[in-house]
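Protein chains in written order, with this note's numbering: chain A, 1 to 320; chain B, 1 to 320.
Incorrect hints may appear among the rest.
Below, simulated BS3-like cross-link-like pairs (lysine-lysine); rule was C-alpha separation at most 25 Å, straight line [said to hold, decoys possible]:
no. : chain 1 : residue 1 : chain 2 : residue 2
1   : A       : K195      : B       : K217
2   : B       : K315      : B       : K217
3   : A       : K314      : B       : K60
4   : B       : K136      : B       : K179
5   : A       : K306      : A       : K217
6   : B       : K217      : A       : K60
7   : A       : K229      : B       : K217
8   : B       : K144      : A       : K217
9   : A       : K308      : A       : K266
10  : A       : K179      : B       : K136
11  : B       : K189      : A       : K195
If you're looking for bench data, these hints aren't it; they were derived computationally from the structure.
Protein chains: 2
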Amino acid sequence: MKTLSVDETARLISRQKKILILTHRNPDGDTLGCAFALMYAARAKGIEAGVFCCDKIPEKYGYMFSDGDLSSDSDEAFIIAVDIADIKLIGAEYSEKYENRVNLCIDHHISNTHFSQNLLLRDCAAASELIFDVIKSMGVEIDKKIADCLYTGISTDTGCFRFSNVTEQTHSAAAQLIKAGANHYEINKVMFETKTIGCFKLEAAALSGVEMLFDGKCAVMTVTKEMMKASGTSESDCDGLASIPRRIEGVLVGVTLRERDDGTFKASLRSYPPADCAAICSALGGGGHARAAGCEIRTEFFDIDKGKLLAAIKKELDKI
Amino acid sequence: MKTLSVDETARLISRQKKILILTHRNPDGDTLGCAFALMYAARAKGIEAGVFCCDKIPEKYGYMFSDGDLSSDSDEAFIIAVDIADIKLIGAEYSEKYENRVNLCIDHHISNTHFSQNLLLRDCAAASELIFDVIKSMGVEIDKKIADCLYTGISTDTGCFRFSNVTEQTHSAAAQLIKAGANHYEINKVMFETKTIGCFKLEAAALSGVEMLFDGKCAVMTVTKEMMKASGTSESDCDGLASIPRRIEGVLVGVTLRERDDGTFKASLRSYPPADCAAICSALGGGGHARAAGCEIRTEFFDIDKGKLLAAIKKELDKI
Numbered sequence: 001m002k003t004l005s006v007d008e009t010a011r012l013i014s015r016q017k018k019i020l021i022l023t024h025r026n027p028d029g030d031t032l033g034c035a036f037a038l039m040y041a042a043r044a045k046g047i048e049a050g051v052f053c054c055d056k057i058p059e060k061y062g063y064m065f066s067d068g069d070l071s072s073d074s075d076e077a078f079i080i081a082v083d084i085a086d087i088k089l090i091g092a093e094y095s096e097k098y099e100n101r102v103n104l105c106i107d108h109h110i111s112n113t114h115f116s117q118n119l120l121l122r123d124c125a126a127a128s129e130l131i132f133d134v135i136k137s138m139g140v141e142i143d144k145k146i147a148d149c150l151y152t153g154i155s156t157d158t159g160c161f162r163f164s165n166v167t168e169q170t171h172s173a174a175a176q177l178i179k180a181g182a183n184h185y186e187i188n189k190v191m192f193e194t195k196t197i198g199c200f201k202l203e204a205a206a207l208s209g210v211e212m213l214f215d216g217k218c219a220v221m222t223v224t225k226e227m228m229k230a231s232g233t234s235e236s237d238c239d240g241l242a243s244i245p246r247r248i249e250g251v252l253v254g255v256t257l258r259e260r261d262d263g264t265f266k267a268s269l270r271s272y273p274p275a276d277c278a279a280i281c282s283a284l285g286g287g288g289h290a291r292a293a294g295c296e297i298r299t300e301f302f303d304i305d306k307g308k309l310l311a312a313i314k315k316e317l318d319k320i
Numbered sequence: 001m002k003t004l005s006v007d008e009t010a011r012l013i014s015r016q017k018k019i020l021i022l023t024h025r026n027p028d029g030d031t032l033g034c035a036f037a038l039m040y041a042a043r044a045k046g047i048e049a050g051v052f053c054c055d056k057i058p059e060k061y062g063y064m065f066s067d068g069d070l071s072s073d074s075d076e077a078f079i080i081a082v083d084i085a086d087i088k089l090i091g092a093e094y095s096e097k098y099e100n101r102v103n104l105c106i107d108h109h110i111s112n113t114h115f116s117q118n119l120l121l122r123d124c125a126a127a128s129e130l131i132f133d134v135i136k137s138m139g140v141e142i143d144k145k146i147a148d149c150l151y152t153g154i155s156t157d158t159g160c161f162r163f164s165n166v167t168e169q170t171h172s173a174a175a176q177l178i179k180a181g182a183n184h185y186e187i188n189k190v191m192f193e194t195k196t197i198g199c200f201k202l203e204a205a206a207l208s209g210v211e212m213l214f215d216g217k218c219a220v221m222t223v224t225k226e227m228m229k230a231s232g233t234s235e236s237d238c239d240g241l242a243s244i245p246r247r248i249e250g251v252l253v254g255v256t257l258r259e260r261d262d263g264t265f266k267a268s269l270r271s272y273p274p275a276d277c278a279a280i281c282s283a284l285g286g287g288g289h290a291r292a293a294g295c296e297i298r299t300e301f302f303d304i305d306k307g308k309l310l311a312a313i314k315k316e317l318d319k320i
């Protein structure tokens with residue numbers, strides 16, 4: 001494994017005749033923004049380029065590409081993984097196919113497992129920030145299409161510039177992308193403003209039963225299959241729910257319990273410092289990071305398992 | 001009335017010995033960010049400076065100032081109005097006192113009524129963007145305190161970089177302010193992430209009864225005094241409610257009806273192009289802008305007045 005600079009990466013890509021760009025499974029705005037921006041930049045240099053994603057790309061990202069841009073043809077192609085920390089994230093069926101075959105990885109996760117032959121890694125808010133630098137180094141002009149892709153990556157991976165990962169460079173890149181024509185208002189409207197009526201109804205139902213515990217330092221929100229049925233929503237509509245309980249004023253540990261079909265509730269925890277979610281979840285056999293972690297609760301033993309979780313939360317809050 | 005450039009404004013301020021900076025009533029992040037940033041910059045130049053606001057400043061903005069910074073002493077002071085489009089917005093009791101006495105106004109509303117002796121006006125996302133340029137032209141270093149104030153103004157007046165008013169310059173200013181030490185993550189957490197449990201409960205109650213009309217192109221959300229009582233919220237907690245119905249996927253006209261103590265419901269309308277809220281509200285004696293407008297509904301004749309409003313909305317939607 002060789003570590004590359006931005007300029008070395010740009011030169012390596014520019015030398016290729018055909019490239020295939022891999023995104024991670026459950027694709028988000030950053031992995032897709034990286035992939036399609038790099039695809040357009042490569043084509044501008046006369047390189048044959050396509051993108052592969054193991055999952056169906058959600059409709060809301062449709063403005064980034066045409067169906068013909070999606071390719072699974074990796075014959076003789078130089079393989080580039082973008083925004084992928086581990087080969088497993090390419091998708092279960094494909095990680096074996098591409099293992100040891102990824103020529104270059106461009107990523108911003110410091111946890112990157114160094115699975116590729118060449119690696120460009122920087123700890124920045126979005127991988128799209130890195131791709132932006134690579135494309136500029138390739139000598140390709142940032143047109144509106146590329147700007148839309150990269151702006152999407154930056155905006156979605158920073159919660160529209162709200163997360164703590166945002167730096168001076170993040171805003172500087174956004175400024176240049178807007179100058180290049182990025183349709184920032186429409187992109188943010190689709191990514192952040194708009195939700196289906198079902199999602200709103202589900203949130204309303206879940207919030208109306210939220211429990212405030214331990215002097216208001218903990219909020220627990222439960223989402224049942226019944227609520228999802230009544231609101232006409234599915235699992236994919238629940239993405240944003242886990243962040244809600246922590247947003248209640250005074251809460252240090254926010255918990256979302258979501259009922260699944262497999263006889264369990266998924267417990268998603270979010271915290272503010274100094275409360276440590278990973279420490280709490282490890283008591284129930286789960287894990288994660290200090291600010292975001294998860295574990296499982298058995299539906300059959302809901303009250304017992306929830307009690308254990310609350311005890312672990314109380315223990316953590318008592319330390320503060 | 002004389003129109004000034006940024007450099008002329010900076011020179012005019014730098015020549016003063018004592019200044020009093022006026023904010024508008026119901027102060028928001030932009031008027032306060034402008035006022036306190038300019039106060040600190042003036043003091044750095046050895047100028048005696050204070051800020052006057054007719055209303056109590058909400059606690060969440062407390063990090064910008066100390067109580068001693070608030071002043072109503074305008075004797076011999078050079079009076080500067082920031083983010084104020086009309087003298088009336090200084091507050092009913094004070095607009096007479098300061099009428100014809102404002103030496104300089106720095107503003108970003110193109111509707112500015114030219115009430116001041118000197119005016120620096122630019123159509124930008126936040127008045128804080130303008131103040132940023134003025135402070136740099138004054139030769140004052142942007143320290144952390146000033147950066148926090150100006151970042152607050154820019155972030156709050158753009159819905160955290162989501163509104164259509166955001167430009168390349170907005171992000172460029174944010175980049176420089178973060179470099180200067182602005183505590184962007186904490187500021188956005190307070191301004192956008194956190195809400196009281198009462199606000200969440202009120203939203204949940206209002207959303208659970210939302211009506212979808214005219215093929216889903218119109219959403220009507222009603223907020224009653226009963227809901228506010230049950231959630232323990234007051235009028236000031238309702239600020240963000242009006243933006244919710246338009247966020248439902250497919251909605252072109254979002255309506256929020258909020259019951260008041262005076263025997264009326266306030267109808268707040270928000271639209272996406274081409275639906276025109278002002279045209280709808282004028283049919284009921286109200287008014288406003290194409291994207292945001294309002295009118296009144298009499299509680300006693302709720303069904304009749306609501307029917308008139310819905311008829312006006314249908315008429316507008318039928319044109320599309």
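Now for the hints, and whether the structure bears them out:
In summary, the hint linking K195(A) to K217(B) is supported, as the alpha carbons are separated by about 14 Å, within the 25 Å threshold. Between K315(B) and K217(B) the alpha-carbon distance is near 12 Å, which keeps this suggested pair within the 25 Å criterion. Our distance criterion of 25 Å between C-alpha atoms is broken by K314(A) and K60(B), whose separation comes to about 28 Å. Straight-line distance between C-alpha atoms of K136(B) and K179(B) comes to about 14 Å, which keeps the hinted pair within the 25 Å bound.
Among the hinted pairs, K306(A) with K217(A) is consistent with the structure: their alpha-carbon atoms are about 17 Å apart, no more than 25 Å. With a CA separation close to 19 Å, the supplied pair K217(B) and K60(A) stays within the 25 Å bound. As the CA atoms of K229(A) and K217(B) are separated by approximately 23 Å, the hinted pair is consistent with the 25 Å bound. Restraint check for K144(B) and K217(A): the C-alpha separation of about 30 Å exceeds 25 Å, so the hint is violated.
The hinted pair formed by K308(A) and K266(A) meets the criterion: a straight-line CA distance of about 14 Å does not exceed 25 Å. Annotation: proposed proximity of K179(A) to K136(B) holds, straight-line Cα distance about 23 Å (limit 25 Å). Under the criterion of a C-alpha separation no larger than 25 Å, the hint pairing K189(B) with K195(A) is consistent with the structure, at around 21 Å.
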